[in-house]
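In the order they appear, the protein sequences are chains A and B. Residues in the first sequence are numbered consecutively from 1, following our numbering. Residues in the second sequence are numbered consecutively from 1, following our numbering.
Among the hints, a few may not be true.
Quick look at which bits of chain A chain B covers, simulated, 3 or more residues with Cβ under 8 Å [claimed, not checked]: (1) 16-23; (2) 39-52; (3) 57-64.
If you're looking for bench data, these hints aren't it; they were derived computationally from the structure. Note that the structure is a prediction, hence the values are computed from the model and not measured. Where a beta carbon is used, it is the ideal one built from N, C-alpha and C, also for glycine.
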Amino acid sequence: MPEIQFTLNGERRTVNIEANDILLDVLRDKLGIKSPKCGCDRGDCGACAVLLNGKSVRSCLIFAIEVNEQEITTLEGISKNELSPLQQAFINNNSFQCGYCAPGIIITATELLNKNPHPTREEVKENLSGNLCRCTGYIPIIEAVLEASKRGKNE
Amino acid sequence: MPVIQGFEYFKPKTLNEALHLLSNNRGQASILAGGTDIVVQFKEDLITSKALIDIKGITELSKIEIKEDKLFIGACVTFTDLIESELIKNKFPIIWEASKTVGSVGIRNRATMVGNICSAVPSADSAPALLVYEALVILKNKDGERLVPISDWFIAPKKTGIQKDEIVVGILIHIPKKKYACCYEKLSRYEGEDLAQAGIGILAFEDHYYRIAFCAVGPIPTRAPKLEQFLNGKKITSPIIEEAKKILLEEITPITDIRSSRKYRIHMVKLMFERGLKKVISRLEGGKDA
Ligand code: FES
Ligand code: FES
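Generate coordinates for the entire structure from the input sequences, incorporating the hints supplied.
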């Protein structure tokens, strides 16, 4: 079994995997990181999003072995000490119902605000267009991102 | 969903190493770049490979650069890389526009333009842009290199001109010498995360020569020679556009599928053609988008 090493939420981790293991499964089942969710399992819904070297990617479309020596951040890392201003904004706006899409949306919006701290409504919509939510109709989600953007950088 | 079949994973540091791995695994190896298509194929058991060769460790394949009068886009260049490149934005706006329409951020951060043309689905967003630039696909095997014009590249849906022992190293684009303008028009149900129901790329030269290419309205992305021939040498006027729309219908063979009906596609392609052509002409004249 190959062994990979990578930085997960700021900590160095080592894990034994098979070459055909999918990152999402390794995070959830081998490393106990449960925030990324499996929605569609084929890149369409965004529920499995994680940050790979700071960029949002679909962990259902990546072999775990590809992240050897790379850096992965999940919600567990973003809210290590306290909720980020973005997460707080989602609570303020009652943005989620079942919450299944929330981790992916927070990851995607975190990347957006890091790159572009003051996005327009259109930019928020465009950036979140790959994250599907079956519950809320998106408006409170977009509102929350805009609210958070008024406070600047989100980590 | 786990991937059932096992394979050996390689991450070569040089192209030579990758080409040797490929030839040692004769027809049993797959190349991995962004993985946004191939991982799904693995999950659905549509490909079998003994070896998976990840080319992301080969630094020269991540380059976007001008070599003399040509632009080189390496096989590992993602759509996000293209969108973030000032060079692409300023000098190759149609590539920039087409890149922005691919999937969503999470896909564009990983998916590559070369991967897009290797997957060769009829709706490949990169295709119209590359067709109007008359791009060349650079292929290498252990023994050498060959260049395939993009117009010969697509053979059938999901089928390209690549041989089993070859790797696509990148794409070459000749920078047109004459003054020109271009645009990509895409029809999809919503912005982001959708495949094109129809796509059209238009490039117009100052001296009234035109290059037009389609995706998603036929089995493979193609240029539209009859339409180009009709328009060449002509100044664009409303009657010319109306006439051209009729010829346009001879160039496309859209189907009805889950994304839209044939009738709707035909209707929309005509509108997109008109919109695109007007946009290009106004860009050419230095004005704002029509
Ligand atoms: S589970 Fe990965 S995108 Fe849907
Ligand atoms: S809150 Fe239920 S899927 Fe988004």
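Hints versus structure:
Residue count for the stretch 16-23 of chain A with a Cβ under 8 Å from a Cβ of chain B: 5. That meets the three needed, and the coverage hint holds. Here the stretch 39-52 of chain A counts 7 residues with a CB under 8 Å from a CB of chain B, which clears the bar of 3, and the coverage holds. Note: the stretch 57-64 of chain A has 6 residues with beta-carbon separation from chain B under 8 Å; the three-residue rule is met and the coverage holds.
When each numbered hint is compared with the structure, no violation occurs for any of them.
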